[in-house]
Amino acid sequence: MIKKLLFLTLFFEFSILFAQEKLEIKYEFEYAFDLSKADKASMLDFYKATNENKGDYNLITSKTEATFAPIEKLNNQQNKTGGGGSMLPPRNSYYLNYSTNEIVELKDMISKSFIVTDSLPTYNWVIQKEKTKLLGYDVKLASATRGKLTYEAWFAPKLNFKSGPFSFNGLPGVILQLTETDAQGHQKITKAVEVKINDKARINKPTKGEVISKEGYEAFMEEMLQKQQERLNNRVIRKID
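Note that the sequence shown covers residues -19 to -1, 1 to 222 in mature numbering (1 follows the signal peptide of the UniProt record, and there is no 0).
Derived by calculation from the structure, the hints in this document are not laboratory data.
Heads up, some of the hints might be wrong.
Claimed, not checked - Capping the alpha-carbon separation at 20 Å, the derived lysine-lysine pairs in PhoX-like fashion look like this:
{"#": "1", "residue 1": "Lys177", "residue 2": "Lys93"}
{"#": "2", "residue 1": "Lys3", "residue 2": "Lys195"}
{"#": "3", "residue 1": "Lys93", "residue 2": "Lys139"}
{"#": "4", "residue 1": "Lys114", "residue 2": "Lys7"}
{"#": "5", "residue 1": "Lys35", "residue 2": "Lys172"}
{"#": "6", "residue 1": "Lys189", "residue 2": "Lys88"}
{"#": "7", "residue 1": "Lys195", "residue 2": "Lys88"}
{"#": "8", "residue 1": "Lys189", "residue 2": "Lys3"}
{"#": "9", "residue 1": "Lys29", "residue 2": "Lys7"}
{"#": "10", "residue 1": "Lys93", "residue 2": "Lys186"}
{"#": "11", "residue 1": "Lys114", "residue 2": "Lys93"}
{"#": "12", "residue 1": "Lys139", "residue 2": "Lys3"}
{"#": "13", "residue 1": "Lys172", "residue 2": "Lys114"}
{"#": "14", "residue 1": "Lys177", "residue 2": "Lys3"}
{"#": "15", "residue 1": "Lys181", "residue 2": "Lys114"}
{"#": "16", "residue 1": "Lys54", "residue 2": "Lys143"}
{"#": "17", "residue 1": "Lys7", "residue 2": "Lys143"}
{"#": "18", "residue 1": "Lys121", "residue 2": "Lys110"}
Stated by the list, open to error - Derived Cβ-Cβ restraints for the label pairs, each shown as a range:
{"#": "19", "residue 1": "Leu206", "residue 2": "Asp99", "range": "16 to 24 Å"}
{"#": "20", "residue 1": "Arg183", "residue 2": "Ala19", "range": "40 to 48 Å"}
{"#": "21", "residue 1": "Ser194", "residue 2": "Glu33", "range": "47 to 55 Å"}
{"#": "22", "residue 1": "Ser94", "residue 2": "Lys29", "range": "28 to 36 Å"}
By construction, the Cβ of each residue, glycine as well, lies at the ideal position given by its N, Cα and C atoms.
Produce the complete structure using the sequences and hints provided.
Okay, here's the thing in structure tokens:
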């Protein structure tokens, strides 16, 4: 009798999931800088302070599109600034369209916002043998590399959505945990803390901001950095005079 009830419950849950085909996942983000790699006291302080900074994010996904955005909170961390003291969690938002192979990244700057458009990124995922459970879901491990970065993703095949945190996608199941490791062993970890069906959730493509290509945005940022460097150089010259 108990087995029958369990089967009916699971059948009901997954029937709802695939009928409505819209999922909402909350993630927590954290840095894991390797403190042993700090070569001076100031760097050690930077690593420690950065590791204390956490971020919360929300993913809404259907089979054809998804949005991923930070959750704004009215707390002390919202008023923090990175500066030279620590590195804050990423604040950009993403819209992904799997039908048109498009990604849109909303970048908010101090004076203006940019809507950066590009093709959907692809990852050379290799599915491994390791399995475990996250939030009650069976998950499998997949790994990928891009340049000097390596990625480990735990995805849930029964949650058959190709989405994940930030711009990560392309696995046969939604990504519930992602770990990015750089060449020095420093990590960024994004882990799901809540998964729910939400057929009323809206997936909206960003519209407020200047639309620009990825190449155009990179050129703009390079120009801004050059102007900033010129201003710094002029200040140094004035002090010498």
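Does the structure break any of the earlier hints, and which numbers would those be? Hints 1, 2, 3, 8, 9, 11, 15, 16 and 21 are the ones this structure does not satisfy, whereas the remaining hints hold.
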